[in-house]
Amino acid sequence: MRNLPDRGFTLIELLLVITILSIALGIGAPAMGKLIENSERKALLNDLLSGINHARTHAISRGVNVTLCPLDENDRCIRDWNRPITIFSDPKRTRKLEDQADILQIIPAPDTGQLYGRTGVRKHFAFRPTGMARDSIGHLLWCPNDDKQEKAFQIRINMGGRPILARDFNNDGIVEDAYGRNVSCP
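In the UniProt record's numbering, the protein residues as written are 1 to 186.
Hints may be right or wrong, so weigh each one.
[What the hints assert, rightly or not] BS3-like mimics (lysine-lysine), calculated; alpha carbons at most 25 Å apart, straight line:
#1 Lys96 - Lys123
#2 Lys34 - Lys148
#3 Lys42 - Lys148
#4 Lys123 - Lys92
Simulated from the structure, these hints should not be mistaken for lab results.
When you get a sec, could you build the whole thing from the sequences and use the hints?
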């Protein structure tokens, strides 16, 4: 009868594999977290840009006023931009959702970071049937939870109703506002 060699791992081999896996996970987990955070940031940016463009296009193509804002429990525009943002037909310019059928799109609340709407005395952005946003220009500023200005983005809405993504013209890693200053998170 032949003796077969023992099959399996030695304790040293097992510890070596566990050590290598621990190192790989220790390096990979933070990188994966950054990847997810960056993906969520880009998704919100794209949702906002497409929502603004959709609101403006709908106003022009249907010849109706369109409002973009977060709503309270009474369906009135409020300043809390960290709530879902509703885009709706607003023919009377009341800044209140009168009928659920008027909803054109809802942009989900940000999963991470804080979104700030700078709309002056208004609580909304509005597009006229011409596509203009004359009385509701301003910007949306998103700031990350870790307050790293390099990750922040800003979308400005000009009088023509067009969204403009702030850029980093001086190559310092932080986008500039309309006046050429680095955006700053509150």
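Quick rundown of the hints versus the structure:
1. Lys96 - Lys123: 11 Å, holds
2. Lys34 - Lys148: 13 Å, holds
3. Lys42 - Lys148: 16 Å, holds
4. Lys123 - Lys92: 16 Å, holds
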